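A.B. asks: Sequence:
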Amino acid sequence: MPKTITDSQLNKMAKMIRDWPEKEVFNWNNICTASRSILGYTPTRQALSRKLMLKNAYQIKKKHRKNALDKVEGVPRPQSMLDAIDKIARLQQENDALRAEVAQMAEIAQRFIYNASIAGLSQQKLMSPLPKARRD
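The numbering used here applies: residue 2 is where the sequence shown begins, and numbers increase by one.
Any given hint could be a false lead.
[Unchecked claim] What follows is a list of derived Cβ distance ranges for each label pair: (1) Y42 with D87: 21 to 31 Å; (2) R135 with Q60: 49 to 59 Å; (3) L127 with Q60: 48 to 58 Å; (4) K63 with Q111: 45 to 55 Å.
[To be verified] In silico EDC-like pairs for lysine to aspartate or glutamate, Cα to Cα no more than 20 Å straight-line: (5) K52 with D8; (6) K56 with D97; (7) K62 with D20; (8) K67 with E23; (9) K63 with E74; (10) K63 with E102; (11) K13 with E23.
None of these hints come from the bench; they were simulated from the model.
Values in this document were obtained by computation on a predicted structure and should not be read as measured data.
Glycine included, every Cβ here is placed at the ideal spot set by N, Cα and C.
Turn these sequences into a full structure, and let the hints steer you where they fit.
C.D. replies: Here it is as structure tokens:
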């Protein structure tokens, strides 16, 4: 007859469920098999699903995985591998262009800060909020 599952073991199994790898199939049978390393024996699905902590962890993880799949389902998929490669290349070029633009803006900001400090403007004066627009 299997031993009673302790609170410590329950906590370890709940953490195992919460940290379940996305690439692996998530079901009670796999959880039972993985629980063997914690309990020393393979429990039944019914034994684990009766534990409220494990049942809640399972339901939350299942819901989280379903929400992740729903987000991916709305994304249009390329028709072919060539379309996917073209899209990746285009996005990388766009990413590189944006990085260059950010670097250029950072250089301009550095120049402004340097020139402001030479002109004697304090950081407090530089960071003061813009005046509110009057629209009468």
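A.B. asks: Each of the hints needs a verdict: does it hold here or not?
C.D. replies: Going down the list of hints, with the structure as the test:
Between Y42 and D87 the beta carbons are some 53 Å apart, a value that contradicts the proposed interval 21 to 31 Å. Checked against the given bound of 49 to 59 Å, the beta carbons of R135 and Q60, roughly 56 Å apart, stay inside it. With their beta carbons about 52 Å apart, L127 and Q60 fall inside the hinted range of 48 to 58 Å. A hinted range of 45 to 55 Å holds for the C-beta pair K63 and Q111, which are about 50 Å apart.
For the proposed pair K52 and D8, the alpha carbon gap of about 10 Å is at most 20 Å, so the pair holds. Between the alpha carbons of K56 and D97 the distance comes to roughly 46 Å, so the proposed pair goes past 20 Å and is violated. In summary, the hint linking K62 to D20 is supported, as the alpha carbons are separated by about 9 Å, within the 20 Å threshold. The suggested pairing of K67 with E23 holds, with an alpha-carbon distance near 11 Å, which does not exceed 20 Å.
Proposed proximity of K63 and E74 is supported: the alpha carbons are some 17 Å apart, at most 20 Å. Simply put, K63 and E102 have alpha-carbon atoms about 42 Å apart, too far for the 20 Å limit, and the pair is violated. Restraint check for K13 and E23: the C-alpha separation of about 18 Å stays at or below 20 Å, so the hint holds.
This entry does not satisfy hints 1, 6, 10, going by the numbered hints stated previously.
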